[in-house]
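Put the complex together from the two separate chains, hints included.
Chains as they are written, first to last, in this note's numbering: chain R, 1 to 579; chain P, 1 to 173.
By construction, these hints were calculated from the structure, which means they are not laboratory data.
Hints are not guaranteed to be accurate.
Said to hold, decoys possible - Here are the computed distance ranges between Cβ atoms for each label pair:
# : chain 1 : residue 1 : chain 2 : residue 2 : range
1 : P       : LEU71     : R       : GLN363    : 50 to 56 Å
2 : R       : LEU95     : P       : ILE162    : 55 to 61 Å
3 : P       : ILE64     : R       : LYS38     : 35 to 41 Å
4 : R       : GLN363    : P       : ARG103    : 25 to 31 Å
5 : P       : ILE64     : R       : LYS116    : 21 to 27 Å
Said to hold, decoys possible - Derived lysine-lysine pairs resembling DSBU-like cross-links, with alpha carbons at most 35 Å apart:
#  : chain 1 : residue 1 : chain 2 : residue 2
6  : R       : LYS270    : R       : LYS527
7  : R       : LYS521    : R       : LYS431
8  : R       : LYS52     : R       : LYS98
9  : P       : LYS78     : R       : LYS327
10 : R       : LYS3      : P       : LYS78
11 : R       : LYS183    : R       : LYS251
12 : R       : LYS386    : R       : LYS295
13 : R       : LYS386    : R       : LYS98
14 : R       : LYS73     : R       : LYS52
15 : P       : LYS147    : R       : LYS116
16 : R       : LYS3      : P       : LYS10
17 : P       : LYS78     : R       : LYS98
18 : R       : LYS374    : R       : LYS73
19 : R       : LYS98     : R       : LYS56
20 : R       : LYS73     : R       : LYS348
To be verified - Take a look, some chain P residues computed to stay more than 10 Å from chain R by CB distance:
#  : residue
21 : PHE65
22 : GLY67
23 : GLY98
24 : SER110
25 : LEU117
26 : ARG135
27 : ARG146
28 : GLU161
We treat Cβ as the ideally placed atom computed from N, Cα and C, and that holds for glycine.
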Amino acid sequence: MKKWIRWPGLIVFVGVVLILIGFWWLLVDNMIERWIEKGGTRLVGAKVELGKADLKLGPLGLALEDLQITNPKQPMTNILEAGSIDLAIEASHLLRRKLIVSLMTADNLRFNTSRKTSGAIARKKPSSETSDQTGDAKSDAFKMPSLAVPDVKEILSREELQTVTAADELKKDISAFKEKWQKRLDELPDQDTFEQYEKRIDKVGSAKKSITGVLGATGKAKAIYDDVNRDLEELKQAKKDLKKELASLKKKAAQVKGLPAEDYRRLRDKYSLSSQGAVNITQMLFGDKAGQYLKLFLDGYHTLKPLLEMRPATPDSQQEAKPVRGKGVDVHFALGNQPPPFLVRLAKVSATIPYGDISGEIQNLTPFQAHLGKPLVFTFSGQNLKGLQEANIDGVLNHIDPPKASDRVTAVVEGLKVGEKSNQRPVYLEKGLADLELAAAVVSGRIDAQLQAAVSSASIATAKNAGDGQLGQTLQEALAGISAFDLQADIKGDMDDYHVSLSSNIDDVLKDAMGKQFKKKAGAFEKSLNDAIAAKTREPLAENSGMLSDLNSIENELSARLGLGDAVRKDALKKVGLK
Amino acid sequence: MIQSIAKLLKVMNSESEPAQISLAVCLAMIAGLTPFYSLHNLLVLLLVFLLRVNFSAFLLGWVIFSGAAFLLDPLFHKLGLWVLTLPALEEVWTMLYGQVLWRIERFNNSIVMGSVLLSLLLAIPLFFALNMLIRRYRQHILERLRKLKIVKILKASKFYEIYESATAWGGKQ
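The shape of chain P in the complex, shown without the other chains (with noise of 0.2 Å):
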């Protein structure tokens, strides 16, 4: 956790484009929040692998997103029934049901319904969310956290270490 937390730290401080940050903490958000064995995380796999978004920022995401996935279950589970219940759309479900790879990827089901639909909605205002927050981040707070003294004490302490190992997995970001 520790270790989470100081890539995520040194992600936030690298020279990293806000967008890839933003992109993975999205992606990690639909892969984390839907059913992991679903047809469209590997798509998202594909996208975290393809596109040049912050590996570290995805992982810790998908693991933070993937424990509220849990709590938020009810709330999906009543969002897709009544999407999928839905009277409009009852014939665009039933063209989709009669399709291979919807089957495959159970968009009838209420969880996954629910999930996807929430995740997508909030991936795109996040996305934007995030990128001007980290922005902000750099902007702002970032040298007045460096001149704190407590960021002093700990610069001197086993968490700088692992801050300064997780910068060395990590590469350049």
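The shape of chain R in the complex, shown without the other chains (with noise of 0.2 Å):
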């Protein structure tokens, strides 16, 4: 047996390993450090640099110092800025190709820092110009309400009463209808006529002085008699036409009375003082900070979504690829209860914010969480920040199942001191103490979020070109005696088509406060109007009016037609003796 053991070899051997492993461990930490940088950029879509990589081995973990991640929308902005991540890895879990991290403690962190150089990746154009892709905020622009009363004279001059262009259509109608009967009446049965019967009579009566005359007399005065009465019934033809067509013209004139105040009412709400200017005025308060903490809000959560949803490479059943030449495939074996690839159970993280350090747990980080099949769950806290008492933040992101991903976060902020130094706009926040509770809740991409906000101590400037003289003033008093104030706001709908609504009791303060002002300027303003309106549509409804009077006369022709004949009949039949 000594014969074919060589012990000097094993010494060779361990030598051999030993300096492998020597080599290793001195390119390990730059290996790490490549590695994360490239793998990250390809993630990223634009730099990710790390100071330094330390792996450790007992117990085995990794600490990353001074890791900058790139905003790819922004190259001169880092997203993230960490300046220490300490990490304590699983190492069974290692080996089967899985980063399992049962501890991630990371400090220092910062968020939107600014970068030296340009943290763009090459043939990557800075996409800081892409517009918003998440949708618009549907929330009215404010503008501030006048109580200049506008100029009844130029309105009028410049609107066309509806009043005047039909009076003008009805004097026409009415012109057309008088011409037309005046045609008829001239064709029609008249006073000629009807003597020319009277003479044709007389010629009988004096015939009846033989049997034969009498028996000749009598046929004609039949002739005579059926000739009078087809005049008559022509005559009451007409009549019976003319009442029709009248009503249908007086029908008309009435409607046309009646435009007025149509009128009026349509120039009134055109021209009107209104108050609901004043009643947005939250909106111009807190409707541009609300749009963009929601654009935030929204482009923050686009960039995390797919970064929850993503699927291992590798199947957990047995699956076949097609072989690479002196690769082989890999066939792999379902087994239970094993953790995706990467994890990190818990991650302890203190971050810096604009207000200060704020510190808190997330539980679950992993972009696989449906293979995991927990959610990630945060929780974040702060006290005595600048500007800010206490801020609580916790949430959970479900993406276990992507189509039906629910996301919830609950917010509640004391203490919080807001305010703006601005001319910009004609009424603005100067200065207040918020206290804010935020649910939000995006459900399978539905967006359901409510902010409350009770504001204390609060100073609401005005401008001095806010609003006219009177209205600035007014303005100004009411602003001034609003010391505390709720504002609530509503987001609601699909994630590319919200809608944003600002509420707050400010509101009805101001409301109150120029309502009156507003209600009696609008008052004398619709006098005016009105009177105008009256004034400029007299003359024209007049005229027809009296136009309209004047076709009583065509009726007054037709009656007094019908009564000549009806005499000249009962003439007739009394001169033949048949009466």
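Pasting the structure below:
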């Protein structure tokens, strides 16, 4: 046996192995650093830089320092900068090619820090100009209300009154009617026609001196009687037609008479004073900020969402792939309760935000939630910050089933100093102390968020150009009296088509204060508008009324002719002795 | 290459035990046919260093079998895939799949599995066959070769110088 064993060979083997391990140990930190930078850059789409990586073996861990992740949309800004990140790695899973971190401690995290050099990667244009694809908040722009009374004369010179137009049309109709009936009257039997009948009757009367004369006269009288009857029927029909057409014309005239009231309502609604602008003062005070924060939130959400819904590249079940020469294929076997390829079971984070330092914990941090079967849970808090007394934020991001993803965040902020120095807008919140409560949920792509804010020690300032003189003064006086108010913001809808509504009790205060003035001014305007419309429409209406009265003479004429005809008919009967 | 052949001849003609040469060739076959960065090759190297096997034979065999491995890759892949997907063995593979050591070994790779399996299957018959061949070579062929004219000419050539120097490097095998 001794002949077969070469003990010095063992020493050489151990030496060779130790040398290899030594080389690995010297190079491994750089390898990890490169791997993180390269992989991170590919994942983010912008430079990811790492100051230092240090692998520790007992217990297995990794310490990262000065990690900078560039914002791909703004290459001169880091989306995240981390002072130090310590990872306690579960070695058993690492050997199975899974990075499972039992505890991650991240200190001195900072967001949106500026970079010295651009973090853009080649062939990738900075997309800072790209438009917001998350949809626009549908909120109305604010307009300061005005107390300036519109000039009625100017309005009437600019606006066309329906009354005048309709009166002109009616006038034309009446003229056409009159002309038409004048022609018809000419065609109808008249006094001359009936006088002719009288003469014929007289002739018949003088012919009744013999028996044959009597018989002939009776026949002629019957013929005259029939002719008169036919003419009378014609006149009766004409009178009937006239009545019908006249009724239609009178109905139209009555409608025209009602048009001045309609003209008044239309112009009053268009030009009248309204205090609606004052009611939307909340939109002016907080609309921009709400829009900014919402955009920030939605940008972050859209960036984060795909990172929570990844699926491991290697399937759980057996799978064959096309073999690469010299590489073969890996056959995978189903194992129960295996962790995903990457998981941070618990992350303890301290971060620096503009208000100061906050700290918190994140559980189940993994892009493979569907594999893990547990949602990401986070909680952050900060006390005695700059301009902020206390803040607590917690939430659950559940993307286990991506189509039914459900994310919920609640935040309570106390003693937040709010306010701005701005003369850009006529009204702005100069200072105040806000207590906020936010409850937001994004479920299956629909956002539903409510923000309740109670602002105390408030000072709402007005610019010199806030409304016209009288209104500005009223506005200032009303706002000066407001030292506390409540604000409510509601956001509802699809992620790319949501609606934001802001309301506060400031609106009620202003509505009360300004409403009376608006009402008084509006009353005066409405009266003068009404008078002006009446004056402008009086003449055409009166003219039409006169013309319409004239039409009665046609009816009278027809009645007279009917009377004449009837008398002739009776005379004809009498003359032939039939009556 | 000439040096390697010279070394091989020296080994064949030396007083070394045939088993030392045969085992070296068998270990070289395992290391050469299978992917180099595999856990089992660490064990092969340990055996090469620890056991008194012929190092020259191992190195030469390793070079030859590594070349052959490229040609045999398709065979290894088919064999490995067939074994790994055998329903009867699925439970065994699943059990091994859950163990760290076997995952480091990458047993679930078709070429690793195929090459290890084939080289292990060939190693035992190869060991005995080589033992027999080396003994027969020494008994029947070596003396006859020495008497050949061509060998005498070669002894006067550069090749023989190399052979001699190889003997010097190799020391007592």
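Here is what the structure says about each hint:
1. LEU71/P to GLN363/R: 50 to 56 Å: This hint holds: roughly 53 Å between Cβ atoms.
2. LEU95/R to ILE162/P: 55 to 61 Å: Given a distance of about 46 Å, which is not inside 55 to 61 Å, the answer is violated.
3. ILE64/P to LYS38/R: 35 to 41 Å: 38 Å, holds
4. GLN363/R to ARG103/P: 25 to 31 Å: The hinted range 25 to 31 Å holds for GLN363/R and ARG103/P, with Cβ atoms some 27 Å apart.
5. ILE64/P to LYS116/R: 21 to 27 Å: 57 Å, violated
6. LYS270/R to LYS527/R: Cα-Cα ~15 Å, so holds.
7. LYS521/R to LYS431/R: Roughly 33 Å between the alpha carbons, so the hint for LYS521/R and LYS431/R holds.
8. LYS52/R to LYS98/R: Satisfied, since the Cα-Cα distance of roughly 22 Å is no more than 35 Å.
9. LYS78/P to LYS327/R: Satisfied, since the Cα-Cα distance of roughly 13 Å is no more than 35 Å.
10. LYS3/R to LYS78/P: With Cα atoms ~41 Å apart, LYS3/R and LYS78/P exceed 35 Å; violated.
11. LYS183/R to LYS251/R: Distance of about 23 Å is within 35 Å: holds.
12. LYS386/R to LYS295/R: Holds: LYS386/R and LYS295/R sit about 24 Å apart, inside 35 Å.
13. LYS386/R to LYS98/R: 41 Å, violated
14. LYS73/R to LYS52/R: Holds: LYS73/R and LYS52/R sit about 25 Å apart, inside 35 Å.
15. LYS147/P to LYS116/R: Distance of about 82 Å is beyond 35 Å: violated.
16. LYS3/R to LYS10/P: 20 Å, holds
17. LYS78/P to LYS98/R: 28 Å, holds
18. LYS374/R to LYS73/R: Judged against 35 Å, a Cα distance of about 31 Å means the pair holds.
19. LYS98/R to LYS56/R: 17 Å, holds
20. LYS73/R to LYS348/R: 28 Å, holds
21. PHE65: 15 Å, holds
22. GLY67: 13 Å, holds
23. GLY98: 5 Å, violated
24. SER110: 4 Å, violated
25. LEU117: 13 Å, holds
26. ARG135: The claim holds: ARG135/P sits with its nearest Cβ about 18 Å from chain R, beyond 10 Å.
27. ARG146: Given that every Cβ of chain R is farther than 10 Å from that of ARG146/P, nearest at about 28 Å, it holds.
28. GLU161: 29 Å, holds
When held up to the earlier numbered hints, the structure conflicts with 2, 5, 10, 13, 15, 23 and 24 and fits the remainder.
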